[in-house]
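**Q** Quick mapping for you: the protein sequence lines, in order, are chains A and B.
If you use our numbering, the first sequence corresponds to residues 139 to 528, in order.
If you use our numbering, the second sequence corresponds to residues 139 to 528, in order.
Certain hints may be false.
Same chains, same names: a pair is fine if it fits in one copy or spans any two.
What the hints assert, rightly or not - DSSO-like, lysine-lysine: derived pairs with alpha carbons at most 27 Å apart: (1) Lys254 with Lys222; (2) Lys397 with Lys386; (3) Lys482 with Lys386; (4) Lys372 with Lys354; (5) Lys222 with Lys386.
FYI, nobody ran anything at the bench for these hints, they're computed from the structure.
Protein chains: 2
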Amino acid sequence: MGSSKPTIAFCGLGAMGGGMATNLVKNGFPVIGFDVYTPLVDSLVARGGRAAQTPAEAAREASFLVCMVANAAQVVSLLFEADKGAIHGLQRDAMMMLCSTCPPYFLHDLRERLDKEGRSDVKLLDCPVSGGTIRAADGTLSIFSSGPATDLDNAKEILECMSGNLYRIEGGISNGTKVKTIHQLMATTNIVMASEAMGLAAVAGLNTETVFEHVKSSDGTSFMFENRVPHMLKNDWHPYSALAIILKDAGIVTDTGRKNSFPMPLANTAEQLYISGVARGWLRDDDACMVQLFLPSSSPDLVSSKAKADVKMASNFQVSSDTVNDLLAGVHLAASIEAMAFAKHLGMDTRLMYEIISKAAGWCKIFDDAVPPMLEADQWALGKCSIAEK
Amino acid sequence: MGSSKPTIAFCGLGAMGGGMATNLVKNGFPVIGFDVYTPLVDSLVARGGRAAQTPAEAAREASFLVCMVANAAQVVSLLFEADKGAIHGLQRDAMMMLCSTCPPYFLHDLRERLDKEGRSDVKLLDCPVSGGTIRAADGTLSIFSSGPATDLDNAKEILECMSGNLYRIEGGISNGTKVKTIHQLMATTNIVMASEAMGLAAVAGLNTETVFEHVKSSDGTSFMFENRVPHMLKNDWHPYSALAIILKDAGIVTDTGRKNSFPMPLANTAEQLYISGVARGWLRDDDACMVQLFLPSSSPDLVSSKAKADVKMASNFQVSSDTVNDLLAGVHLAASIEAMAFAKHLGMDTRLMYEIISKAAGWCKIFDDAVPPMLEADQWALGKCSIAEK
Numbered sequence: 139m140g141s142s143k144p145t146i147a148f149c150g151l152g153a154m155g156g157g158m159a160t161n162l163v164k165n166g167f168p169v170i171g172f173d174v175y176t177p178l179v180d181s182l183v184a185r186g187g188r189a190a191q192t193p194a195e196a197a198r199e200a201s202f203l204v205c206m207v208a209n210a211a212q213v214v215s216l217l218f219e220a221d222k223g224a225i226h227g228l229q230r231d232a233m234m235m236l237c238s239t240c241p242p243y244f245l246h247d248l249r250e251r252l253d254k255e256g257r258s259d260v261k262l263l264d265c266p267v268s269g270g271t272i273r274a275a276d277g278t279l280s281i282f283s284s285g286p287a288t289d290l291d292n293a294k295e296i297l298e299c300m301s302g303n304l305y306r307i308e309g310g311i312s313n314g315t316k317v318k319t320i321h322q323l324m325a326t327t328n329i330v331m332a333s334e335a336m337g338l339a340a341v342a343g344l345n346t347e348t349v350f351e352h353v354k355s356s357d358g359t360s361f362m363f364e365n366r367v368p369h370m371l372k373n374d375w376h377p378y379s380a381l382a383i384i385l386k387d388a389g390i391v392t393d394t395g396r397k398n399s400f401p402m403p404l405a406n407t408a409e410q411l412y413i414s415g416v417a418r419g420w421l422r423d424d425d426a427c428m429v430q431l432f433l434p435s436s437s438p439d440l441v442s443s444k445a446k447a448d449v450k451m452a453s454n455f456q457v458s459s460d461t462v463n464d465l466l467a468g469v470h471l472a473a474s475i476e477a478m479a480f481a482k483h484l485g486m487d488t489r490l491m492y493e494i495i496s497k498a499a500g501w502c503k504i505f506d507d508a509v510p511p512m513l514e515a516d517q518w519a520l521g522k523c524s525i526a527e528k
Numbered sequence: 139m140g141s142s143k144p145t146i147a148f149c150g151l152g153a154m155g156g157g158m159a160t161n162l163v164k165n166g167f168p169v170i171g172f173d174v175y176t177p178l179v180d181s182l183v184a185r186g187g188r189a190a191q192t193p194a195e196a197a198r199e200a201s202f203l204v205c206m207v208a209n210a211a212q213v214v215s216l217l218f219e220a221d222k223g224a225i226h227g228l229q230r231d232a233m234m235m236l237c238s239t240c241p242p243y244f245l246h247d248l249r250e251r252l253d254k255e256g257r258s259d260v261k262l263l264d265c266p267v268s269g270g271t272i273r274a275a276d277g278t279l280s281i282f283s284s285g286p287a288t289d290l291d292n293a294k295e296i297l298e299c300m301s302g303n304l305y306r307i308e309g310g311i312s313n314g315t316k317v318k319t320i321h322q323l324m325a326t327t328n329i330v331m332a333s334e335a336m337g338l339a340a341v342a343g344l345n346t347e348t349v350f351e352h353v354k355s356s357d358g359t360s361f362m363f364e365n366r367v368p369h370m371l372k373n374d375w376h377p378y379s380a381l382a383i384i385l386k387d388a389g390i391v392t393d394t395g396r397k398n399s400f401p402m403p404l405a406n407t408a409e410q411l412y413i414s415g416v417a418r419g420w421l422r423d424d425d426a427c428m429v430q431l432f433l434p435s436s437s438p439d440l441v442s443s444k445a446k447a448d449v450k451m452a453s454n455f456q457v458s459s460d461t462v463n464d465l466l467a468g469v470h471l472a473a474s475i476e477a478m479a480f481a482k483h484l485g486m487d488t489r490l491m492y493e494i495i496s497k498a499a500g501w502c503k504i505f506d507d508a509v510p511p512m513l514e515a516d517q518w519a520l521g522k523c524s525i526a527e528k
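This is chain A alone, in the form it adopts within the complex (with noise of 0.2 Å):
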């Protein structure tokens, strides 16, 4: 009788956290599930998962908690309110994997409030992921994770059934959560550039089908542009994937960059512009609706009502695909240089960095072709890639 796995509370059940979850019920694991919004709690239980009314009931039976809410502050609540929070229900020695996007300092803030609350039992590994929605369902994410070895090992099982890419970053936690930074530096520039660039194609005539795939088998494509322009194609502003989600990241890339004198304009630039979006109104929906940034405000839907047009050359602006193409690669470039520059500055091992963006949803064309040769010479100069050709 009872499982042969370790029961598993999870905390956090939205967009990424629902399809976690599942992986880990699909996989055979006991889970526990919690959410403040309780359909959510629902859906898992229709899943094969069971229910808890708060994070201290899901964690009294589980020897690991995985949290996968939004952000830091829910972190804190989730696990210190007064009663329900987790810490007063967690087992001796239990594993808490955080899995939620926060800055790198605040895995040591909590490791110290852990330690303060006389939980230095529990031990804490620094579990962030990256790859969306989709990946998260089929449990292929990347997940970068930190920590104390024997606890990566115990907590390997799990993690392997959640990722496609589990890397495990030296150096103790907060590195995982740093590298999930950098990554996030190249996310969120590539986010936006997809939006000005598609902007761009529709504003000057073309056909935005056609762009879409002349950039997809070109070097300005990038993962975002990828998954993101679909959605415009069709003025879908569903949250897959809210733009709260990637202003949040944004705000920890460019804060990190402050605190460690190091300067990000494209980061910066990106950020800045989402906060436009957010002043438009646009924070609940999808991040890809940031392409109406670039659209005259009389036609919001340019980018989808020219994806069936006539091909024609707009020659009053003489910008085609190539042109669209070009931008994307151009800003990218800066972009991977921007990143890796960070990556060195943290004093993170820089070819695994490469590996790690190479293979996640910060993937770009020219990231591939440009970043290799800088690190084949530990040189910073422009290595052999199509824009330095040009």
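Could you slot chain B onto chain A? The hints should help.
**A** Only chain B this time, still in chain A's reference frame:
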């Protein structure tokens, strides 16, 4: 025997505080000074003040405490440090005037902490200043005071003694600091623009002294331009106002923008440039040294070396004194709009805000030209100004 004027504890005797405290002494106030750097205390004593070994000791005999340390973290330490903190010395019903520039939310945090530590009796006034070290020494600063009306009445004599322009901002504590934050949006942009403009002049081969004189009498001028450029012309990086200070203020500006979902591309760009300066090792130099960012690294003194150069047109660049002036006027105009729109967004009195900036260190000529017509019509279109006419 004894002065009829109240005794003032003055903590933070640096470039600004030293001048402010000396002014109080000159005006007949008994002043007890404290600073972590004791030579600054000695200097106040030489000018007629008294010395204290700790903030608590300074506060013990005073009914007023003026706080002019560098940032919010220093305010917390100054007030709450075990045994030595001012809170352990402050008389019952004493009045604290916070003149340091802190984030707006910090004022409320501070009030809350005073209450929590059982010192609800201590009155807290929010009194940030602007104007630089010369105005501090002259007692002609701009002070943006806010707090309970009775307390502001009781502090008036002291605040007037340090200021040339004493403003009373409605709405309670943090509103004075909001005014300072909006003002610093102008300051932070104008400082870096003075550097960019003079860097352009030097690289274009112009006589930089001639450019300075031309801009000073044209619509590209600003308080910061007139104040910083003389140092650039002498390659003088003595920290009259260290990069660290405007960097801290820029951080408060951009952080307040983020917290209020208000995009501010100029202030964020300026902040990133300051961070680039920090990365070059200039944190403790005067912020005028930022001009070196815009010069070839082989000629970091190009502005000063061109100061006496023969006037010549740099035909390659097609850059003249007018180009430099136009660059300044254009960006100052954008900064003026960014600042006034931010004031509106924060619900501040935009007419008062105009009056304040027009007399403070964030002033620029184009602000005077462009903002009044905008306020007049309550329309955020460009008014009649030379830029719009060109």
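**Q** Each of the hints needs a verdict: does it hold here or not?
**A** Consistency of the hints with the structure:
no.	hint	in the structure
1	Lys254 with Lys222	both (18 Å within a copy, 25 Å between copies)
2	Lys397 with Lys386	both (16 Å within a copy, 11 Å between copies)
3	Lys482 with Lys386	both (23 Å within a copy, 25 Å between copies)
4	Lys372 with Lys354	within (17 Å within a copy, 54 Å between copies)
5	Lys222 with Lys386	within (26 Å within a copy, 39 Å between copies)
In summary, the structure agrees with every hint in the numbered list given earlier.
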